[in-house]
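S.K.: Construct the complete structure from the given sequences, taking the supplied hints into account.
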Amino acid sequence: MVLLALPLALGACDANGPETAAAPPAGSPTPAPKHITVVAPELTDCGTWTVAQGEQLESAAADCLVEAVERRERARLIVTAFSVEGAPVLNSYLVHADGRVTVTIDSSGDPAGAAGLVWQNCGGPVRVIGPLPIFAECSTPRPL
45 MVLLALPLAL GACDANGPET AAAPPAGSPT PAPKHITVVA PELTDCGTWT
95 VAQGEQLESA AADCLVEAVE RRERARLIVT AFSVEGAPVL NSYLVHADGR
145 VTVTIDSSGD PAGAAGLVWQ NCGGPVRVIG PLPIFAECST PRPL
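Numbering (my numbering), first residue to last: 45 to 188.
Bear in mind the hints are in silico, worked out from the structure with no lab data behind them.
Ideal placement from N, C-alpha and C gives every residue a C-beta, glycine not left out.
Misleading hints may appear alongside valid ones.
[Stated by the list, open to error] Derived Cβ-Cβ restraints for the label pairs, each shown as a range:
#1 155 / 116: 30 to 40 Å
#2 96 / 141: 10 to 20 Å
#3 98 / 156: 33 to 43 Å
#4 111 / 155: 28 to 38 Å
#5 98 / 141: 27 to 37 Å
#6 115 / 156: 33 to 43 Å
#7 178 / 131: 15 to 25 Å
#8 128 / 180: 32 to 42 Å
#9 129 / 86: 37 to 47 Å
#10 99 / 156: 31 to 41 Å
M.R.: See below:
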């Protein structure tokens, strides 16, 4: 079955890559970054937020993530925060059904910061202080 689907999937590509869709109309929501994939309808969307320096993450977004971790329910949250120099840093949180959270950090837009795209698994109690969630424990960040 998988072998039959592969030629169909490859048929949409040519030497120049996959066919490109028309640009969304003005005022459309920004699509999620390519490294975030929503694959199941039971995934709660806690939203996509941009938090300015010195600002707090909206309480609805913070509560959504904290409750998903506590209840061990699948959810995602995307937060763009800014480095001290003002560069955007994209932080993506994917809560798994076992309460573990995969955190992906894209600091490629911050020339003064750690380069690139990294991920780590986090767990334990979570709280939100300022623009981002803080976890009790996280693995060492690894490059993607």
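S.K.: Confirm or reject each hint.
M.R.: Quick rundown of the hints versus the structure:
A beta carbon spacing of about 38 Å between residue 155 and residue 116 agrees with the range 30 to 40 Å that was offered as a hint. Checked against the given bound of 10 to 20 Å, the beta carbons of residue 96 and residue 141, roughly 33 Å apart, lie outside it. Separated by about 18 Å at the C-beta atoms, residue 98 and residue 156 break the suggested range of 33 to 43 Å. Separated by about 36 Å at the C-beta atoms, residue 111 and residue 155 satisfy the suggested range of 28 to 38 Å.
Roughly 35 Å separates the CB atoms of residue 98 and residue 141, a value that falls within the hinted 27 to 37 Å. Separated by about 38 Å at the C-beta atoms, residue 115 and residue 156 satisfy the suggested range of 33 to 43 Å. At about 21 Å, the CB distance of residue 178 to residue 131 agrees with the hint of 15 to 25 Å. About 25 Å separates the C-beta atoms of residue 128 and residue 180, a value inconsistent with the hinted range of 32 to 42 Å.
At roughly 39 Å, the beta carbons of residue 129 and residue 86 sit within the given window of 37 to 47 Å. Taking the beta carbon of each, residue 99 and residue 156 are about 21 Å apart, not inside 31 to 41 Å as hinted.
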